[in-house]
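Top line first, the protein sequences correspond to chains A and B.
For the first sequence, our numbering gives the first residue as 1, with consecutive numbering after it.
For the second sequence, our numbering gives the first residue as 1, with consecutive numbering after it.
Heads up, some of the hints might be wrong.
Calculated pairs, DSSO-like style, for lysine-lysine (alpha carbon to alpha carbon, straight line, at most 27 Å) [as the list claims (entries may be wrong)]:
(1) B:Lys-186 to A:Lys-290
(2) A:Lys-149 to A:Lys-186
(3) B:Lys-265 to A:Lys-253
(4) B:Lys-253 to A:Lys-149
(5) A:Lys-210 to A:Lys-52
(6) A:Lys-186 to B:Lys-289
(7) A:Lys-265 to A:Lys-279
(8) A:Lys-43 to A:Lys-289
(9) A:Lys-78 to A:Lys-64
(10) A:Lys-253 to A:Lys-289
(11) B:Lys-210 to A:Lys-279
(12) A:Lys-149 to A:Lys-52
(13) B:Lys-290 to A:Lys-186
(14) B:Lys-64 to B:Lys-43
(15) B:Lys-253 to A:Lys-279
(16) B:Lys-3 to B:Lys-52
(17) A:Lys-289 to B:Lys-186
(18) A:Lys-26 to A:Lys-116
(19) A:Lys-186 to B:Lys-3
(20) A:Lys-149 to B:Lys-149
(21) A:Lys-210 to B:Lys-279
(22) B:Lys-265 to B:Lys-279
In case anyone wonders, no lab produced these hints; they're calculated from the structure.
2 protein chains.
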Amino acid sequence: MAKAVGIVGATGAVGAELIQVLADLKFPVGSLHLFASERSAGKTVTTPFGIKTIETFSVEAASKMDIVLLAVSGEFAKQYAPLLAEKTIVIDNSSAFRLDENVPLVIPEINGEAVKELRRNHQLVANPNCTTAIAAMALWPLHKEFGLKKVIVSSYQATSGAGIEGMNELLEETGRVLGGEEAGHKVFAHPIAFNVIPHIDSFQENGYTKEEMKVTWETRKIFGAPDIAISCTAVRVPTLRVHAEAITIETEKPVNPGAARIVLKDAPGVDLVDNPEAKQYPMPVNATKKHNIEVGRIRQSIVFGDHGLDIFVAGDQLLKGAALNAVQIAQLFI
Amino acid sequence: MAKAVGIVGATGAVGAELIQVLADLKFPVGSLHLFASERSAGKTVTTPFGIKTIETFSVEAASKMDIVLLAVSGEFAKQYAPLLAEKTIVIDNSSAFRLDENVPLVIPEINGEAVKELRRNHQLVANPNCTTAIAAMALWPLHKEFGLKKVIVSSYQATSGAGIEGMNELLEETGRVLGGEEAGHKVFAHPIAFNVIPHIDSFQENGYTKEEMKVTWETRKIFGAPDIAISCTAVRVPTLRVHAEAITIETEKPVNPGAARIVLKDAPGVDLVDNPEAKQYPMPVNATKKHNIEVGRIRQSIVFGDHGLDIFVAGDQLLKGAALNAVQIAQLFI
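Just chain A, same shape as in the assembly (with noise of 0.2 Å):
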């Protein structure tokens, strides 16, 4: 029952939430493994598993274990998901993988059965774009209930999507802006303190970024739904690990927030935050750290009437957007 774990990648931001995550989920662990670059071997890290040390990878290595979560670069997943997925379960966080038809790209809440098609030798799963999953989290209650046509997204995404590197760019900036310094910045492509920057990832031919395409190809993919009109404009602003996303939608059948209320209320990894007079919506300060998704401002759109909302989500970008919806996707093998 008990599973040896591995984490590849285990030094940077995701992997420091993963090994809490596994704590936090009770995943029974039997044994786990850190596995890092050559740069960080060697190197003791306390954990809710007890002190471990930061073990080289190797595909040799890394294939014992029953379970592999990788949260490395899309590149190095190229390399060695494929190697790994012969010998054991992977669940990859990169967007290597997401598209590819031989490999699931799952939500446990939304489609969860989709690993049962993993075959022997390629037990490769792949873990979704944080924006994705965090808006998907709010859209698949109301797109099974009323059926999702368009859906508009604006994000207002946090510094964590790059890592432990953006939120100290973005804290390091922030200070020197305050000391009546230049801001600087490496990170990202401008100064991110005080700003924001509706650029995240590389710009493809249509004009969007490939981190708002990923909103558009992975939500269809997830939702089984090839034909839902999807676009997002993202944008980074200066804050530390919850991602924001004002949606709007257009649904096929009748829809009012009353009657939206009542589906994401139940809807699982869910919290409606729904109570403007008591100053009570989706807000980054609340959902940090948080497991559930937060959804509120729900309103009947302007724009589609009858047949329309507007809502606004938030979500740790680090957990559901990430860690989290990891170690669930390894808990449908347990």
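Given chain A's structure and the hints, the job is docking chain B onto it.
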């Protein structure tokens, strides 16, 4: 030719900008009178028009001006603007009269001719909401050429929307958080440092905030287009004085990014900043203290196809969103 100009609320954020913009636009200021509450009276201010002493506001004193610029609360405007407007030209920054059918709501580049409707003894002009004005600058050229049917706005609004106090609150909170203290908050409903707050102005019965409804109501009035379906989700973000907005439009006629760029390139008051490959797009850091609003990230909408676009705009909330537009309205009278 030279005018006696009065600024009421001269000690606020917009008041200070009004003085500067009068100089920047070389407005023919014969004499400048700065009015504020009794509390500020007697203080001196160094201006491009010399050192000025703040005067206590009175209807009698302000009525002697040729033009009065009001940078005061809606309540104050409601009480005094009609009295002043019997004697002189009044340009009101508040929301008090924007939807009054006897008061033109003006963005000079769009509907400057509306001031011709002014009745003698009721020379009152309303200055639009900041989010509305900044969006309208990019939307109007597109509306003229392609016809707007649907407009969906998500805003990234700066703290200057709550005046100097709002900007100071952001800076002070941020300093506290970096110092390991609680952020605290007074001006905004929640901490704004490293947060986003989907709540600006009061909530209406339909679930939208008044700020959001202003975008709907005011855009329709300024464009003379009561049938455009416009919705907004207004979100406060931790920036200082530039509002950004992600906007999706559906048009009557077919549209494409190239055609939109041609129209926007020559639009007065608009800078086309749309060169993603060179990492050029609208951003608060660049639009700060700039008269023109920036528009970029122009994409063929995935949702509305060949009848739709996604765009991103950024504009200085204190300038085109307030003081600049007010002085441009004043210019219509010289």
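Going through the hints against the structure:
A hinted pair counts as satisfied when its Cα atoms are at most 27 Å apart, and Lys-186 (chain B) with Lys-290 (chain A) qualifies at roughly 25 Å. Restraint check for Lys-149 (chain A) and Lys-186 (chain A): not satisfied, since their Cα atoms lie roughly 40 Å apart, outside the 27 Å limit. A distance of roughly 41 Å separates the Cα atoms of Lys-265 (chain B) and Lys-253 (chain A); the hinted pair therefore is violated under the 27 Å criterion. A threshold of 27 Å between alpha carbons decides the hint, and for Lys-253 (chain B) with Lys-149 (chain A) the separation of about 22 Å falls inside it, so the pair holds.
Under the criterion of a C-alpha separation no larger than 27 Å, the hint pairing Lys-210 (chain A) with Lys-52 (chain A) is inconsistent with the structure, at around 36 Å. Restraint check for Lys-186 (chain A) and Lys-289 (chain B): the C-alpha separation of about 25 Å stays at or below 27 Å, so the hint holds. Proximity of Lys-265 (chain A) to Lys-279 (chain A) is assessed by CA-CA distance (about 18 Å); at most 27 Å being required, the pair is judged to hold. Restraint check for Lys-43 (chain A) and Lys-289 (chain A): satisfied, since their Cα atoms lie roughly 26 Å apart, inside the 27 Å limit.
About 19 Å separates the Cα atoms of Lys-78 (chain A) and Lys-64 (chain A), which keeps this hinted pair within 27 Å; it holds. A C-alpha spacing of about 35 Å is found between Lys-253 (chain A) and Lys-289 (chain A), which places the hinted pair above 27 Å, so the restraint is violated. For a cut-off of 27 Å, the pair hint linking Lys-210 (chain B) to Lys-279 (chain A) stands: about 15 Å separates their Cα positions. Proximity of Lys-149 (chain A) to Lys-52 (chain A) is assessed by CA-CA distance (about 49 Å); at most 27 Å being required, the pair is judged violated.
Taking the CA atoms of Lys-290 (chain B) and Lys-186 (chain A), the gap is about 25 Å. The hint holds against a cut of 27 Å. Pair hint Lys-64 (chain B) plus Lys-43 (chain B) holds up; C-alpha atoms about 21 Å apart against a cutoff of 27 Å. Proposed proximity of Lys-253 (chain B) and Lys-279 (chain A) is contradicted: the alpha carbons are some 41 Å apart, above 27 Å. Proximity of Lys-3 (chain B) to Lys-52 (chain B) is assessed by CA-CA distance (about 16 Å); at most 27 Å being required, the pair is judged to hold.
The hinted pair formed by Lys-289 (chain A) and Lys-186 (chain B) meets the criterion: a straight-line CA distance of about 25 Å does not exceed 27 Å. Of the pairs offered as hints, the one joining Lys-26 (chain A) and Lys-116 (chain A) holds, with about 23 Å between alpha carbons and a cut-off of 27 Å not exceeded. A distance of roughly 50 Å separates the Cα atoms of Lys-186 (chain A) and Lys-3 (chain B); the hinted pair therefore is violated under the 27 Å criterion. For the suggested pair Lys-149 (chain A) and Lys-149 (chain B), the alpha carbons sit about 18 Å apart, so the restraint of at most 27 Å is met.
Taking the CA atoms of Lys-210 (chain A) and Lys-279 (chain B), the gap is near 15 Å; set against the 27 Å cutoff, the hint holds. Our distance criterion of 27 Å between C-alpha atoms is met by Lys-265 (chain B) and Lys-279 (chain B), whose separation comes to about 18 Å.
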